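Undergrad: Please model the complete structure; the sequences and the hints are all you need to start from.
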Amino acid sequence: MNKLIPILVVVIIILGIITFLEFGKFQQNTSLTKSTSIYALFPGRNHSFNIVANYSGNYADALVIVNSSTNATLMASPFLWNIGYALGNVNMTFNNYLHVAINLSQINKISLNVVDGYPGLMYGQELWWPFEYRTAQLKSLSLPMVVSQLPNFYSILNYSVYLINGSIDDFSYDIWLSQNPNVTSLQYGDFEVMIWMYWSENLSHVPFFIYVGNMTIPTLINGKIENLSWEVYVLPRTGSANGWTGVYFLSPLKEREVECGVPIAYILKNMGQFIENAGMNVYNPNTYYLDAIQVGMEFSDNHGTAIMGYYLYSWRIWLLS
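Mapping of the sequence shown onto the working numbering: residues 316 to 636, in sequence order.
Since the hints were derived computationally from the structure, they do not count as laboratory data.
Where hints are given, some of them may not hold.
Stated by the list, open to error - Below, in silico cross-link-like pairs of lysine-lysine (PhoX-like), each with a Cα-Cα straight-line distance of 25 Å or less:
| hint | residue 1 | residue 2 |
| --- | --- | --- |
| 1 | K584 | K539 |
| 2 | K539 | K569 |
| 3 | K584 | K569 |
| 4 | K584 | K454 |
Said to hold, decoys possible - Label pairs and their calculated CB-CB ranges:
| hint | residue 1 | residue 2 | range |
| --- | --- | --- | --- |
| 5 | E447 | L568 | 32 to 38 Å |
| 6 | E447 | S519 | 32 to 38 Å |
| 7 | Q588 | A556 | 23 to 29 Å |
| 8 | N517 | N557 | 37 to 43 Å |
| 9 | S384 | N557 | 39 to 45 Å |
| 10 | R571 | H362 | 27 to 33 Å |
| 11 | P522 | L378 | 31 to 37 Å |
| 12 | P522 | Y448 | 30 to 36 Å |
| 13 | H618 | G594 | 36 to 42 Å |
| 14 | N428 | G538 | 34 to 40 Å |
Treat the numbers as computed from the prediction; the structure is a model and nothing was measured.
Backbone N, C-alpha and C fix where the C-beta goes; we use that ideal spot for every residue, glycine too.
TA: Given below as structure tokens:
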């Protein structure tokens, strides 16, 4: 019996170590899932309605306020910013989900940019065209807010996209940062940050876009956190010498149908080094404001025709402890 005591002691120690390590892993994993609150930005309390954007010689930039179930609001717009004329329409149907149906032909672009438009939703404050509005917001995520002061949160979208004719450039977030939250126009020194969950446009072949590395982002995929390596590109100036800077994060999964959550504050607080990799030293999380978050789909036509769309089933904000 005495000979067995040392063996039992060793076994107990080993089991203790294993238990400690597994508990540590458990704590590490559950730290990502502890939350103060989950807020549903969409769907909300609206009755069913439609926004139909078509062309009779006028620009299609209709705006509608969408009520959430949390006393916050969203703005909705077809935002066909690069179409001067087209036949057909873009229909945004709000029910228990959002269905954006694009059915356009004979598209005449305003500029040579590949993108025709970005129909979707906006949360926050954009005092520039087309929204020129500040939505009602969550108390814990009231924008504009200095980036370094943002709470840790996941923005979670449940969506699907479909394509018949044309091209889905990306289904994405379009996030705006400025040093002055009351600006009414954007210029060099401001930032557009796009997070592409689904995409088909290959930025490595697009002039002026600079690949600056990969960021490991803890991404929520269908309820599970996965550390994914997202490609990062920087466009130093958009459109002109005085244009704002674009920063693009491209998901390695490119999911057409998924519930995907991204830690927006984490990305914004940690993207400085990637911008510096493009030779720019202007970004500081302590001096930039997160103004607004848009959700939508950039699309382009095939010889003047675009038939495609997406479903957005929910948009939730998950505040972490």
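Undergrad: Does K539 lie within 25 Å of K584 when you go C-alpha to C-alpha?
TA: OK: K584 and K539 at ~23 Å, within 25 Å.
Undergrad: Check the following: the C-beta atoms of E447 and S519 are separated by a distance inside 32 to 38 Å.
TA: Holds - the Cβ-Cβ distance for E447 and S519, about 35 Å, lies within 32 to 38 Å.
Undergrad: So does E447 sit 32 to 38 Å from L568, Cβ to Cβ?
TA: holds (35 Å)
Undergrad: Is the hinted pair K584 and K454 satisfied, with a Cα-Cα distance of at most 25 Å?
TA: The hint holds at about 21 Å.
Undergrad: With respect to the beta-carbon atoms only, verify the hint that S384 and N557 lie 39 to 45 Å apart.
TA: holds (41 Å)
Undergrad: Does the alpha-carbon distance linking K584 and K569 stay inside the 25 Å limit?
TA: holds (24 Å)
Undergrad: Hint says 23 to 29 Å; check whether the CB-CB distance for Q588 and A556 agrees.
TA: For A556 against Q588, whose Cβ atoms are near 25 Å apart, the range 23 to 29 Å holds.
Undergrad: Keeping to a limit of 25 Å between CA atoms, is the pair of K539 and K569 held or broken?
TA: The given pair, whose Cα atoms are some 17 Å apart, holds under the 25 Å limit.
Undergrad: Take the C-beta atom of N428 and the C-beta atom of G538, compute their distance, and say whether it sits inside 34 to 40 Å.
TA: At roughly 37 Å between Cβ atoms, G538 and N428 fall inside 34 to 40 Å, so the hint holds.
Undergrad: Do the beta carbons of H618 and G594 sit within 36 to 42 Å of each other?
TA: With Cβ atoms ~38 Å apart, the hint holds.
Undergrad: Given the hint of 30 to 36 Å, check if P522 and Y448 actually sit that far apart at their C-beta atoms.
TA: holds (34 Å)
Undergrad: With respect to the beta-carbon atoms only, verify the hint that P522 and L378 lie 31 to 37 Å apart.
TA: Since the Cβ atoms of P522 and L378 sit about 33 Å apart, the hinted range of 31 to 37 Å holds.
The structure is inconsistent with hint 8 alone, although it conforms to all the rest.
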